[in-house]
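Asks: Below are the chains, spelled out letter by letter.
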Amino acid sequence: MSTWNYVVTAHKPTNVTHSCVGNFSSPQELNLIVAKSTRIEIHLLTSQGLQPMLDVPIYGRIASLELFRPHGEAQDFLFIATERYKFCVLQWDTETSELITRAMGDVSDRIGRPTDNGQIGIIDPDCRLIGLHLYDGLFKVIPFDNKGQLKEAFNIRLEELQVLDIKFLYGCLKPTIVVLYQDNKDARHVKTYEVALKEKDFVEGPWSQNNLDNGADLLIPVPPPLCGVLIVGEETIVYCSANAFKAIPIRPSITKAYGRVDADGSRYLLGDHAGLLHLLVITHEKEKVTGLKIELLGETSIASTISYLDNAVVFIGSSYGDSQVIKLNPQPDAKGSYVEVLDRYVNLGPIVDFCVVDIERQGQGQVVTCSGAYKDGSLRVVRNGIGINEQASVELQGIKGMWSLRSSTDDPFATFLVVSFISETRILAMNLEDELEETEIEGFNSQVQTLFCHDAVYNQFVQVTSNSVRLVSSISRELLNEWNAPSGYSVNVATANATQVLLATGGGHLVYLEIGDGTLTEVKHAQLSMKSHVLTLTHWSNWEGRLFLDLFFFAPLKGPPYLLCALGDGHLLNFQVNMSSGELTDRKKVSLGTQPITLRTFSSKNTTHVFAASDRPTVIYSSNKKLLYSNVNLKEVSHMCPFNSAAFPDSLAIAKEGELTIGTIDDIQKLHIRTIPLGEHARRICHQEQSRTFAICSLKNRSSADESEMHFVRLLDDQTYDFTSTYPLDIYEYGCSILSCSFSDDPNVYYCVGTAYVLPEENEPTKGRILVFIVEDGKLQLITEKETKGAVYSLNAFNGKLLAAINQKIQLYKWMLREDGTREIQSECGHHGHILALYVQTRGDFIVVGDLMKSVSLLIYKHEEGAIEERARDYNANWMSAVEILDDDVYLGAENNFNLLTVRKNSEGATDEERSRLEVVGEYHLGEFVNRFRHGSLVMRFPDSEVGQIPTVIFGTVNGVIGVIASLPHEQYEFLDKLQSNLRKVIKGVGGLSHEQWRSFNNEKRTSEAKYFLDGDLIELFLDLSRGKMEEVSKAVGVSVEEISKKVEELTRLH
Amino acid sequence: MWKEIGDREMGKIRPNSFSSQIKSNRISNLQLSNNKDIVSPHRGSINSLQVDLTEGRYLLSGASDASAAVYDIQRPTNYEGNGLIAKHKCLFSVDKQHGKGHKYAISSAIWYPVDTGLFVTGSYDHYIKVWDTNSTQVVMNFKMPGKVYRTVMSPLATSHMLIAAGTEDVQVRLCDIASGAFAHTLSGHRDGVMAVEWSTSSEWALITGGCDGAIRFWDIRRAGCFLVLDQSQSQLGWRPPVLARSAANKVSVSKSLSAGQNSLGKPRAPQKKYANGHGVKQSTIGRVPAKSSARQRLHPGMLSIQDRATAHYGAVTGLKVTDDGMYLLSAGSDSRIKLWDLESGYNTLVNFEMVRLQTSKAIQLAISQETAQVFVPCMTVVKAFDIWSGKMSLAFHGHYESVNCCWFSSQDQELYTGGNDRQILVWSPCEPITDDMDAGHTKDQDNWSD
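For the protein sequence lines, the chains are B and X, in the order given.
Residue numbers for the first sequence follow full-length UniProt numbering, beginning at 1 and rising by one.
Residue numbers for the second sequence follow full-length UniProt numbering, beginning at 1 and rising by one.
Check before you lean on any hint, since a few could be wrong.
Under the rule of at most 25 Å between Cα atoms (straight-line distance), these lysine to any residue pairs were calculated in the SDA-like manner [as the list claims (entries may be wrong)]:
id	chain 1	residue 1	chain 2	residue 2
1	B	K1005	X	K96
2	B	K198	B	A153
3	B	K905	X	Y58
Source of the hints: derived by calculation from the structure; they are not laboratory data.
Throw the hints in and build the complete structure from the sequences for me.
Replies: Shown next, in the form of structure tokens:
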């Protein structure tokens, strides 16, 4: 039974919804704060660019984000309001680099209807009050007292029902708001109100302005000395204040975001729906506004937020494309653009559809998403783990160690690769044809296993074998010097750098040698006791007989240094090292695999990472002051060494089962995202394995201003992602669904596309088509088409037939051979009774329908009668956004209020009524709008592990989240449930927001505690806790820290 | 529709505006349902209709033949007309034959708001009965001093289980299901009470409309009513402009009344209040002092002038509070519909188009919050008015005799109406009849029929 589910985020939200700039972390530092729906990121502005400081989850969808500075404070506070009516005020704690909650509270009301136009949260520029517009007809005020503390909130009646925007005016004696609203004749006006805090009421403000641009949607308050407000419409921009009114016409556009450039408010950046960036200038003589000017600067991603950072550098946050950091140049480039993109931040949102494919057939899924919108539309190929791009490989058995050597000290590239076997050492070198061939270094002893090898100063090599240390000239390749191990003892382990060699021999002798020009000098010899501390050793093993140990010192550029310690059973211990005292703190144990681990550093993109070779190779790296582990997409690696040669720059030499591979490594991060820009908006995607193609339904806006769109079905090669074929749809015809399937009695595989004719005068499409294509020579060939009586919202392969959801109806079509040999689809039977059957999934003879507003229903196809009947339904009024079948009895759904739910078929019900009802089992607030569920997995499944057996579903959301829902066995669920409730007590939400409330199911009618779903994001935070807190949790749960860690680590491998 | 779905998919419109957009769209297309039919077992006029508040699934009707019935409106009992017309027969009904049933007409039938395990009926036989839905047995009886016109329970209440009842008697009674006794009697009306309504923002506030034309507000925790609506108290002038504010404080209070008359009859007065600038002379008589003093002045001896204020000329026949708890709609035997601002208690002066209302009987109004519409039974027709403008937007012709009650289900965007013609009609968003005329289908119908 898939009733116990575990929800975890594989890719965090990337849709930038809000951003602001201010002195948050210290009075001198400038910070950029970015809100990505349910997370905030704090960046520091440095001369090198943006430097991330903190990235934390918020237990709520952020509705507003504002920086403000209360009286008497030297730096800014952060105000956050969430969509579920919580707010908090945060301050930066310089000592711990964490957020402190200054205030928090609930601002929900019994009275009033939630606004449709989005919640507004604003702060008076003189910091007298916070204003919130959350319900139609109400304006909530949270006043500040003189000390900057928040006082009790109250509501003021706002008569304007359709409020589009509210802002505070600058430079007013009393706090004054300006309200942009639409009346019931659809005309738009602004008016001002003074907030009388004592009377708890509004007083008519100093001015108002009626009958504005019909598209007026945005207010920009202008700071002193000018004051007043800019009203941005679709065709005009108006400056308005008590004593001035200036307007300029603009090219028709919808302004989505603005950013103020100067503190005096004379220049603004405006970003429109087509991604064009304009500069708006208020011309003025002293304090008198004389006019407005607007200039096109260039093109960016479609902005949802604009923050001017400093020195002409601007952050463009986007919901529909990648966010950018741009520089505004004083002079235009050749194309007339002033915009230069300095940096991009990947954004997968909105993911409207995706498919899970295994193109390389390695047993590892990749997700291909339809991301972005309008001109920023793209396909994104998302893959978990770090890939190795194989450049060359040789068959070699039994490799015991590998080192790369440079032919001279100042050579930037390595030439030799020393490969050690159990009883010999072989040397490979790059020849003139850039091929790897076996060579010899005369001075090396190649008859024995090499324990260690390194470049040394003065163009020398060091080779350590079990009985000697040899110093060899890299030019003449002749032996220069040799140090022999004391007789009776052999060298067990050794390490070296350019000038020093440290080795240990049997019997606990530790020898330290120094390398000179042709000399090896024994400097120190010590007898070790078993318990002595090892400080800055880099390589050490065979300690304590039983355990195979690999110690490793890892000091990443950013963040604290670590000591890593690999154990023979596949575990890895890590400690933080205090560099001055040499103390080891914060011990953590993770399990990487089951085989002994060997550690090696390598560098990629100028940062050092650690490669842990074992049966489950892993790259260890440091990010955000945390050690992160990312799996490498290789089966088993015994040894690895960096091999940066001229022919294979930045490569690694990897020894795996009987093979030596040289390859380059991907960027070091957990998820790999490849972007295929389309320049148009892909809406549906589907993969066909047989023809090795993707097919997408996409649309292209012909020009920015006019509404006309072109719709296509396009075919892409699944390797190159090039368009190979395009089928244009009719005018007004939209592609709604796509499917690759085959029919009974026909070996071919087809693409089926469902469409709708969306006519401007029609509320609901009354006509559509089902098109059936075959791929021939990489081209789409239309085989047959069928007209339908409505939009084909969904297509499914069903018992060798085609099941379509058309408006209110589910319709089954069969594949027929006409007498003339051509094919056609013919309707067989159907089922009525839906408002709109939007989402359909099938399993065997069962059909699960997600309705527009009537939750989930279960239908069954009866073969004998050739009819589809309703078996059961959920009678709740959920507005669905996606459905999936978890198993025969349990179905998963996502709905309009960002919740997930599971329903169960009740076949054992005693009465008819019970059997006809889908019982709601699980409920959970995801806080994300899910567009699609698909079965599949992002990670390679290892059949030996427990996790390998857990079925998973992947989902994609509007904010660019890719998540995984795993159906757990019951005991594991019970255990994790207990762990989760204890973690809630230990891990406090930012701003004091409650995790329990956040995850509680919530819609217009009710709120109820989450059930049968666990929050994996919270549970996996266990691994980041300090030892003390881990023990606190472990005590409460009654399971040892190690045991919990092991179980949680297993789960982290689900994504 | 596909366009909106696409916009929701890419986050261009918020999911909640998506749903309200689609709901409004559907509501504007309401018409007599061509695929849903409620089979009424009643042999008398239908006086009361309510769909349960928890599941939105069971419709309860009460009729003049002393019967009450429950229907499943989600799951049809059978289909007719090639499976295209869903018939909803009643799951059960109770009538005079039932040993402990009512003797005379049921005027009011309501669900227990917390679950569908109980329902409450009020009758002209002076009794209020509480029924167990599963056993269809009476579990509680309240004997009232006269004919029961209306019974209501608070949808919000978590700390009480009171049925408020309006009867022939001048006193409004609160019947406590928990104890089976009367909790309170509320005295103030000078005639019988036809309309009773709980507030949708506070579980303690009750609104009653009497045959004396008064609408009274009660806080059931305190004695006496705290507000009596006055139709001549308009909303005008309660928010003075900034420039006039200092001056206004000195201007005498008496001016405000005459100023108030100026824009009488202007639709949607609040928004345009000062558009023509004559508000300069308004005074602060409005809200601030009124509100703060009102609460202190409520106590038993309310000023007699205030206490005698009327909301309608004639009886108040229907009351309905908007779901957001901010406005009240009232219908009177003067054939007027009035919209009241609940916070200030003012008549908003929205001019609802002239209608003819039943005068002798209580009527049950319904509201659709999404589209800001009120559904009013106007003799044989049900009309939908825009709450803010008072303009009629839809008219539902279908009943042969006067309509008494309507219920709007926001969940399904369906309107149920019941009238003296003993019919319960369903009005649903029009769906194109998909009688599928494609070639293959005719063949299929053959398959079905055998």
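Asks: Would you mind marking each hint as holding or not holding in the structure?
Replies: Hint by hint, here is what the structure shows:
no.	hint	result
1	K1005(B) x K96(X)	violated (36 Å)
2	K198(B) x A153(B)	holds (12 Å)
3	K905(B) x Y58(X)	holds (22 Å)
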